[in-house]
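With our numbering, letter number 216 in the sequence shown gets 216, and the count goes up by one each step, no holes.
If you are wondering where the hints come from, they were derived from the structure by calculation, not from laboratory data. These numbers were taken from a predicted model, which means no experiment stands behind them. Each residue gets a CB set at the ideal place from its N, CA and C atoms; glycine is no exception. Be careful, since some hints might not be right.
The following label-pair restraints were derived from C-beta to C-beta distances [claimed, not checked]:
(1) 330 <-> 449: 26 to 36 angstroms
(2) 449 <-> 546: 30 to 40 angstroms
(3) 306 <-> 636: 42 to 52 angstroms
(4) 470 <-> 257: 24 to 34 angstroms
(5) 40 <-> 379: 22 to 32 angstroms
(6) 470 <-> 604: 33 to 43 angstroms
(7) 421 <-> 164: 22 to 32 angstroms
(8) 130 <-> 552: 32 to 42 angstroms
(9) 40 <-> 401: 47 to 57 angstroms
(10) 546 <-> 629: 16 to 26 angstroms
(11) 146 <-> 72: 30 to 40 angstroms
(12) 40 <-> 449: 31 to 41 angstroms
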Amino acid sequence: MISQEIEQDSIPRKAIIEYEQVQDHFVLRAVAPPLRQIAGAPKAFYTYFWEFGDGNYSFKKSPKHQFKQAKKHTVRLSLTNNYDDGLPPTTRPKLLENTRDVSSISDSDVHHLNTLHDGFRLITNRDPIPNQALEFVISYGNTSNIPSRGKIYLFYNELKYKNKNFELLEVRTYHNEQEEELQPLAYTYLSKETIIRSSGIKYIFPELDLENDTLYQNLPATLSDAKKTYSDVRVWNVNDVSPLEERNIFLTFKTTPEMLKDTSAIISIRSVYVPDRGSDAHQIKTKEMEIVTSHDPNKMAVYNTFLNYRLLRFKRLKYKVRFQNNGEGPARLIKLNVDIPPMLDKTTLKIIDMYPKVPICPKGKKVRYSCMDTVFYADKISFQFKNIYLPGTEQKGVKDKDSTKGFVKYSLKFGKKFHKIKSRSKTAIIFDKNEPIITNSTTSRFLPGISIGAKAGYNYILDVDDSKSYFIGATIATYKAYKWYPQAELMLSSSSYSKTNSQQQIIENIDSPDGLYNSVLKESMQKQVTEQMEIVIVPASIRYNVNGILGLGIGGQLSLDYTTKVTTTNSESFYQYQKGIKGAPIQELNNRKTSNTEHSFKNINYGVFGDFTIGASRIGPSLGARYIYLFNRPHGQLHFYAIWKF
Numbered sequence: 001m002i003s004q005e006i007e008q009d010s011i012p013r014k015a016i017i018e019y020e021q022v023q024d025h026f027v028l029r030a031v032a033p034p035l036r037q038i039a040g041a042p043k044a045f046y047t048y049f050w051e052f053g054d055g056n057y058s059f060k061k062s063p064k065h066q067f068k069q070a071k072k073h074t075v076r077l078s079l080t081n082n083y084d085d086g087l088p089p090t091t092r093p094k095l096l097e098n099t100r101d102v103s104s105i106s107d108s109d110v111h112h113l114n115t116l117h118d119g120f121r122l123i124t125n126r127d128p129i130p131n132q133a134l135e136f137v138i139s140y141g142n143t144s145n146i147p148s149r150g151k152i153y154l155f156y157n158e159l160k161y162k163n164k165n166f167e168l169l170e171v172r173t174y175h176n177e178q179e180e181e182l183q184p185l186a187y188t189y190l191s192k193e194t195i196i197r198s199s200g201i202k203y204i205f206p207e208l209d210l211e212n213d214t215l216y217q218n219l220p221a222t223l224s225d226a227k228k229t230y231s232d233v234r235v236w237n238v239n240d241v242s243p244l245e246e247r248n249i250f251l252t253f254k255t256t257p258e259m260l261k262d263t264s265a266i267i268s269i270r271s272v273y274v275p276d277r278g279s280d281a282h283q284i285k286t287k288e289m290e291i292v293t294s295h296d297p298n299k300m301a302v303y304n305t306f307l308n309y310r311l312l313r314f315k316r317l318k319y320k321v322r323f324q325n326n327g328e329g330p331a332r333l334i335k336l337n338v339d340i341p342p343m344l345d346k347t348t349l350k351i352i353d354m355y356p357k358v359p360i361c362p363k364g365k366k367v368r369y370s371c372m373d374t375v376f377y378a379d380k381i382s383f384q385f386k387n388i389y390l391p392g393t394e395q396k397g398v399k400d401k402d403s404t405k406g407f408v409k410y411s412l413k414f415g416k417k418f419h420k421i422k423s424r425s426k427t428a429i430i431f432d433k434n435e436p437i438i439t440n441s442t443t444s445r446f447l448p449g450i451s452i453g454a455k456a457g458y459n460y461i462l463d464v465d466d467s468k469s470y471f472i473g474a475t476i477a478t479y480k481a482y483k484w485y486p487q488a489e490l491m492l493s494s495s496s497y498s499k500t501n502s503q504q505q506i507i508e509n510i511d512s513p514d515g516l517y518n519s520v521l522k523e524s525m526q527k528q529v530t531e532q533m534e535i536v537i538v539p540a541s542i543r544y545n546v547n548g549i550l551g552l553g554i555g556g557q558l559s560l561d562y563t564t565k566v567t568t569t570n571s572e573s574f575y576q577y578q579k580g581i582k583g584a585p586i587q588e589l590n591n592r593k594t595s596n597t598e599h600s601f602k603n604i605n606y607g608v609f610g611d612f613t614i615g616a617s618r619i620g621p622s623l624g625a626r627y628i629y630l631f632n633r634p635h636g637q638l639h640f641y642a643i644w645k646f
């Protein structure tokens with residue numbers, strides 16, 4: 001089964017909220033349009049996100065909810081169509097009226113934020129698709145035994161992307177959270193080492209991942225780091241949070257049409273929660289989301305979609321594979337068979353994080369406890385969760401859909417020798433003995449980069465005499481391209497050459513100061529010597545690396561004379577001529593005239609060329625030969641050069 005990436009239908013669909021009131025409970029359900037199955041994918045299904053209008057929410061299909069206060073509540077529903085190729089259905093909010101107060105709500109609507117998530121959590125109802133809405137929840141609580149007054153920061157739209165990914169459409173608060181402007185930070189930065197020495201607190205910033213429950217102490221540094229990462233920020237003051245109370249702030253984001261179109265990329269939103277405004281102690285959560293074209297709970301993503309080839313020696317390529325058990329029972333064995341691109345070194349595997357969180361299986365031993373095993377193949381790595389219990393979404397008694405999900409986050413280093421080509425990877429996910437689910441393909445591409453080159457050489461100008469031509473120049477091209485790449489050049493050349501025309505003529509009865517000659521041979525000759533400095537520009541050429549040694553190229557060029565000097569010498573020589581035999585010269589008839597012309601930036605000569613290089617074709621030194629055909633005379637040139645690309 002394959003989860004396909006296809007263009008979605010643009011026809012909107014609508015769903016309707018229906019409800020039934022049973023005493024103090026409201027039973028909600030959605031009347032949704034039929035799903036449009038993606039061919040070859042697992043069975044399509046809806047996931048539900050209900051916002052009850054009183055600060056609570058549910059992911060159940062048909063939740064039963066109690067309202068504490070006797071008032072009207074606006075209920076909202078967001079449906080996500082998984083393995084469906086249409087747009088998510090839209091719903092109009094439904095106004096429900098609760099007629100009497102309730103002292104406490106049922107456990108079915110309690111999310112155990114303080115006990116399971118340390119009082120702080122970020123939730124979304126789906127992954128982002130360009131130009132679609134996304135519901136986002138900031139859940140915060142008070143894990144202490146005294147009332148608290150805190151602050152929440154939300155950072156979004158990462159600066160590393162050219163276009164903004166999100167537009168914040170609406171914020172809905174239910175506990176009098178007060179939004180404020182983020183004031184400029186004025187502080188003296190305290191390094192991690194300084195905090196450790198002064199307070200003994202070890203954890204200031206997470207070393208690898210911000211998704212954890214550690215309480216950090218250096219709030220100014222945390223905010224400064226976030227402002228360097230994100231372009232937009234919102235801040236709320238939260239007041240009078242009772243002991244063990246749990247609250248939610250609801251936000252609706254619109255993903256922009258300009259959102260990064262790479263559907264294997266990971267973007268993030270970060271939030272900082274300060275439980276007590278009088279303290280710097282705080283929590284950090286970063287919600288990572290994968291850009292998708294269709295909703296699929298089984299997904300593979302890469303953190304580095306564009307790579308700088310020059311810096312790869314110090315780089316690890318980081319991936320994340322996520323999965324969800326959509327079955328009617330628990331999964332005990334889950335295999336993630338991941339394709340490894342040839343450019344990566346499997347021996348450098350580092351597992352960054354996983355869920356379910358289990359230890360690594362001991363090598364060569366069979367164990368009965370839950371563990372993660374890694375099996376290496378020629379072009380794959382198999383991550384195997386063994387002896388686990390991952391509930392299914394259709395399993396009876398499962399209330400928390402997140403408990404049915406898992407992931408593996410890992411990184412690999414690049415090998416010592418690899419070409420500059422994009423890498424592709426996908427995963428086959430196998431739950432127990434079921435058929436594999438094939439995920440999307442992730443792609444990492446290399447930035448073109450810039451390679452500057454220096455070249456020098458000699459031009460041999462054809463069809464002229466005494467040719468001498470030297471040049472120096474520079475090139476700019478794609479850095480260390482694998483096969484095809486463009487290149488531009490700029491050169492300054494110094495040339496000199498000559499062209500001679502001569503003819504003979506027999507003249508009868510010519511008079512001279514020394515007397516009359518009956519027959520005379522006249523030889524006329526014109527010699528032009530050209531000396532010029534030229535600026536030669538190759539605005540674009542296309543080159544092809546056959547391998548690491550041989551390169552080919554074709555392109556066009558134009559040359560503009562910087563200075564040109566033409567010396568023209570016209571001479572006539574006369575000789576006695578008898579019976580077809582050239583005799584003695586007649587000096588008194590000989591003559592010679594010389595003239596000079598000079599000009600600058602007058603002539604432009606266009607041409608085309610083809611060449612080859614031998615040496616280090618991608619980077620480093622090489623030798624090349626080029627044939628140039630110019631549209632103006634002299635037409636032909638042989639261009640021999642040495643080049644070094646950096």
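These are the hints, each one checked on the structure:
1. Restraint check, residue 330 to residue 449: a C-beta distance of roughly 49 angstroms breaks the suggested window 26 to 36 angstroms.
2. The hinted window of 30 to 40 angstroms between residue 449 and residue 546 is violated, with their beta carbons roughly 21 angstroms apart.
3. Here the CB-CB span from residue 306 to residue 636 is close to 44 angstroms, well matched to the stated 42 to 52 angstroms.
4. Between residue 470 and residue 257 the C-beta distance comes to about 55 angstroms, which lies outside the given range of 24 to 34 angstroms.
5. The supplied range of 22 to 32 angstroms is met by residue 40 and residue 379, whose beta-carbon atoms lie about 23 angstroms from each other.
6. In this structure the hint that residue 470 and residue 604 lie 33 to 43 angstroms apart at CB is violated, the actual value being about 21 angstroms.
7. A beta carbon spacing of about 31 angstroms between residue 421 and residue 164 agrees with the range 22 to 32 angstroms that was offered as a hint.
8. Range check, residue 130 to residue 552: Cβ separation about 40 angstroms, and the 32 to 42 angstroms hint holds.
9. A beta carbon spacing of about 24 angstroms between residue 40 and residue 401 contradicts the range 47 to 57 angstroms that was offered as a hint.
10. For the pair residue 546 and residue 629, the beta carbons lie near 23 angstroms from each other, so the given range of 16 to 26 angstroms is met.
11. Our hint of 30 to 40 angstroms for residue 146 and residue 72 holds, since their Cβ atoms are close to 34 angstroms apart.
12. The hint said 31 to 41 angstroms for the Cβ distance between residue 40 and residue 449, and at roughly 38 angstroms that hint holds.
The structure shown violates the earlier hints numbered 1, 2, 4, 6, 9.
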